[in-house]
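Using the sequences and the accompanying hints, generate a full structural model.
Protein chains: 2
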Amino acid sequence: MKTILYPEKETWQKLSGRPVIGRSQLDDVVRTILHRVRLEGDKALLEYSQKFDGISLPSLKVSPSEIREAVDLVPGTLKSAIRIAKKNIEKFHSMQLISEPRLEITEGVKCWRRSVAIEKVGLYIPGGSAPLFSTVLMLAIPAKIAGCREIVMSTPPGSDGKVNPLILYTAWLTGVTDIFKIGGAQAIAAMAFGTESVPGVYKIFGPGNQFVTRAKEMVQMEGVSIDLPAGPSEVLVIADRTANPAFIASDLLSQAEHSADSQVIFLTDNREVLESVKSEVDVQVLRLQRKTIACKALENSMVILLSSVDECMDFSNLYAPEHLIINTLEAEKLSEKVVNAGSVFLGQYSCESAGDYASGTNHTLPTNGFAKSFSGVSVESFLRKISFQEVSRKGIENLGPVIQSLAEAELLEGHKKAVEIRLKNGENV
Amino acid sequence: MKTILYPEKETWQKLSGRPVIGRSQLDDVVRTILHRVRLEGDKALLEYSQKFDGISLPSLKVSPSEIREAVDLVPGTLKSAIRIAKKNIEKFHSMQLISEPRLEITEGVKCWRRSVAIEKVGLYIPGGSAPLFSTVLMLAIPAKIAGCREIVMSTPPGSDGKVNPLILYTAWLTGVTDIFKIGGAQAIAAMAFGTESVPGVYKIFGPGNQFVTRAKEMVQMEGVSIDLPAGPSEVLVIADRTANPAFIASDLLSQAEHSADSQVIFLTDNREVLESVKSEVDVQVLRLQRKTIACKALENSMVILLSSVDECMDFSNLYAPEHLIINTLEAEKLSEKVVNAGSVFLGQYSCESAGDYASGTNHTLPTNGFAKSFSGVSVESFLRKISFQEVSRKGIENLGPVIQSLAEAELLEGHKKAVEIRLKNGENV
Chain A
1 MKTILYPEKE
11 TWQKLSGRPV
21 IGRSQLDDVV
31 RTILHRVRLE
41 GDKALLEYSQ
51 KFDGISLPSL
61 KVSPSEIREA
71 VDLVPGTLKS
81 AIRIAKKNIE
91 KFHSMQLISE
101 PRLEITEGVK
111 CWRRSVAIEK
121 VGLYIPGGSA
131 PLFSTVLMLA
141 IPAKIAGCRE
151 IVMSTPPGSD
161 GKVNPLILYT
171 AWLTGVTDIF
181 KIGGAQAIAA
191 MAFGTESVPG
201 VYKIFGPGNQ
211 FVTRAKEMVQ
221 MEGVSIDLPA
231 GPSEVLVIAD
241 RTANPAFIAS
251 DLLSQAEHSA
261 DSQVIFLTDN
271 REVLESVKSE
281 VDVQVLRLQR
291 KTIACKALEN
301 SMVILLSSVD
311 ECMDFSNLYA
321 PEHLIINTLE
331 AEKLSEKVVN
341 AGSVFLGQYS
351 CESAGDYASG
361 TNHTLPTNGF
371 AKSFSGVSVE
381 SFLRKISFQE
391 VSRKGIENLG
401 PVIQSLAEAE
411 LLEGHKKAVE
421 IRLKNGENV
Chain B
1 MKTILYPEKE
11 TWQKLSGRPV
21 IGRSQLDDVV
31 RTILHRVRLE
41 GDKALLEYSQ
51 KFDGISLPSL
61 KVSPSEIREA
71 VDLVPGTLKS
81 AIRIAKKNIE
91 KFHSMQLISE
101 PRLEITEGVK
111 CWRRSVAIEK
121 VGLYIPGGSA
131 PLFSTVLMLA
141 IPAKIAGCRE
151 IVMSTPPGSD
161 GKVNPLILYT
171 AWLTGVTDIF
181 KIGGAQAIAA
191 MAFGTESVPG
201 VYKIFGPGNQ
211 FVTRAKEMVQ
221 MEGVSIDLPA
231 GPSEVLVIAD
241 RTANPAFIAS
251 DLLSQAEHSA
261 DSQVIFLTDN
271 REVLESVKSE
281 VDVQVLRLQR
291 KTIACKALEN
301 SMVILLSSVD
311 ECMDFSNLYA
321 PEHLIINTLE
331 AEKLSEKVVN
341 AGSVFLGQYS
351 CESAGDYASG
361 TNHTLPTNGF
371 AKSFSGVSVE
381 SFLRKISFQE
391 VSRKGIENLG
401 PVIQSLAEAE
411 LLEGHKKAVE
421 IRLKNGENV
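Keeping their order, the protein sequence lines are chains A and B. The numbering of the first sequence is this note's numbering, which starts it at 1 and goes up by one. The numbering of the second sequence is this note's numbering, which starts it at 1 and goes up by one.
Derived from the structure by calculation, the hints contain no laboratory data. Some clues are possibly wrong.
A pair holds if it fits inside one copy or across any two, identical chains being indistinguishable in the list.
What the hints assert, rightly or not - Calculated lysine-lysine pairs in the BS3-like style (CA-CA distance at most 25 Å, straight line):
no.: 1; residue 1: Lys51; residue 2: Lys278
no.: 2; residue 1: Lys296; residue 2: Lys14
no.: 3; residue 1: Lys278; residue 2: Lys79
no.: 4; residue 1: Lys86; residue 2: Lys43
no.: 5; residue 1: Lys86; residue 2: Lys120
Every value quoted in this text rests on a predicted model; they were computed, and no experiment measured them.
Written as structure tokens, this is what we have:
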């Protein structure tokens, strides 16, 4: 970890930047995949399975018997744990489904909004080194609460042609409609354009490698919505002299173990805490199974000493971290100053893993500084708010002259006449 | 207008499509503009003013004296009309700023969300044939209610180097922070990247021509958020035998006059209404100042006879119109079936112009079928919802074993250890 002591304010902008990733080569690969899947459908998908996953699939869709098998395979204790996490996530997310009142704006003019679920959504769940069934919880639960009719899921199979049972069990538990054994950019293409087997959807959610991410960005240009632009996962920890350095080190490492490009930043106003945290990281990292990944991530990470916790918060707001842990004496008071962050963890016992799995909040969050303009995934991400208005005869009498005056000033005579004809109540004008 | 009688269901998908616009040439032009503005800043902007608007600007920023002059120029009656529209829009949008309760998910685990305004936003207001000051109302009011700190606005000046006084007055009235005389793709580039004069922003809002739209899509790939993907404006009207054909014709025309590529669709279950509306359109269009534009738009428009109003609603949901007018006997009942639409107008007196200007709802809405996955602009568009969690000692005791179990199953040992070390309360593990 790079240690930086009292950096000048002018250097903050640079310090808070993220590594820039070149991607022109990536673009060609992804563009070809999108093009082929759109043109050839299932045929292209099966060929890519062969090419990238080295398997020949009899069917792209996970069968009911495969799901039953998976449900049987998951141990009971793990099932209970998943159900508790599900209950907590449901509890927190259910609050997000609200109905709004009708407002009488002026006599005879009523306006309101109604939340309506996006009919068809697609969830991408990565394969790779860890079976991220927690991401199934974080995407399928809000989709279900919103009331999405079709919840399509796509995830790469293992070399045996099967999907990890934990992922299947969680998808079954949360009410995913259809599950497909497709990974990579081709999965995004399939859900965006639809194929013989895979239904096309209106919005695609979920994390993935650079191919998946780029494919999501590209289908977005073609009119399919996506949840969030993506980048490597991040944590920023702010701590003062009251914090336990061992706790902080464990939080930094639980982020660092995600991937070699994870971003880990520690800010403090206390020199001793800074040194202790560094020592603790050095000790604890050696005990991790994923220590090679974690060490790699730590190489790009920073420990910064600043003059006060308020200054730490200023830096954090400039950085806009995906996860922000505030481990200070008056964490809640300091948290009132949070302007840019995805999810915030207050106090010494609020470790990031709590939010990753089971506190109830969503773990699909804006990375790469996007917290400056994006929220994490929520029930709202699966809804549209459609506005309604009902204007009565009295209403158009009230509001008509205002509308006419504004339409005339905008030189839109037709807009004015639509009012005029109503005020004259059906006489030809 | 094309007339289609009882089309087969299989043809609906095709009928509900939008014209596809080629854009590879456009891409090169816009890419060059973005690149130059990013590299050369104000110098490039001033050169583009010269080149595209034919004017040599002494300054890109609108001065306080120009604003004062504009405020004096707007007639009192128009000021009152704008203030009434502002009050209505504020009333409807204020309702969207809600604070959510804290939830105790399980003993010792509290979670909540806090709405925080995006700090810096950019509003683009087109110039061209009509001074769209109503769009200033629709963007600046929710930005202000959300609490955005910097509200930057960019709009092309006229050939005299001045901004239309109505636009300046409305921007002043609604609290826009800085106003710039920049139009086209270069305005989007300036707000996305920042220049010597123009502050860079985190999210860009507002309609525009194809260059502006494409520039918004391109800066989105670079990490700047945008409000909505855009396309030509649209209205779909559903009416039954009880509707007044003259009203319907006026609604269709108030959309058609927007631009030659506007989409206008009329659905009914009644043959006589269909014929009367067509006649009314033919008569009314000739009375419009913008009849050339309207006639052009009508060429691409459709009148469709279907077997029931329910079938009309099914078609509408497939089309996903920006504006939907339901002019039927039981409009409210039928409106319960709306799944895909931007803004809905119920009953014979609810003309689209009401929502365009003054009913209180927002007129920045998803076009081009994007209503399937997007909502219109609202206060939420200017906010992020940041999630917070506070886990106490008791909380981690409650939830810790669940987190550990899930982290272990995902093979993320570091995540598990962050809990373990806390359960052991600071002893080294």
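| query | Checking Lys278 and Lys79: alpha-carbon separation at most 25 Å within a copy, between copies, both or neither? | reply | neither (37 Å within a copy, 63 Å between copies)
| query | Between copies, within a copy, both or neither: which fits Lys86 and Lys120 at Cα up to 25 Å? | reply | Answer is within: at 22 Å inside a copy they meet the 25 Å cutoff, but 36 Å across does not.
| field | Homomeric proximity label, Lys51 with Lys278: Cα distance no greater than 25 Å | value | Neither: 44 Å inside a copy, 57 Å across copies.
| message | Checking an output row: Lys296 and Lys14, CA cutoff 25 Å. Within, between, both or neither? | response | Result: close within a single copy only, 21 Å intra versus 52 Å inter.
| message | My question is about Lys86 and Lys43: at a cut-off of 25 Å on alpha-carbon distance, are they close within one copy, between copies, both, or neither? | response | neither (36 Å within a copy, 56 Å between copies)
Violated hints for the displayed structure, listed by number in ascending order: 1, 3, 4.
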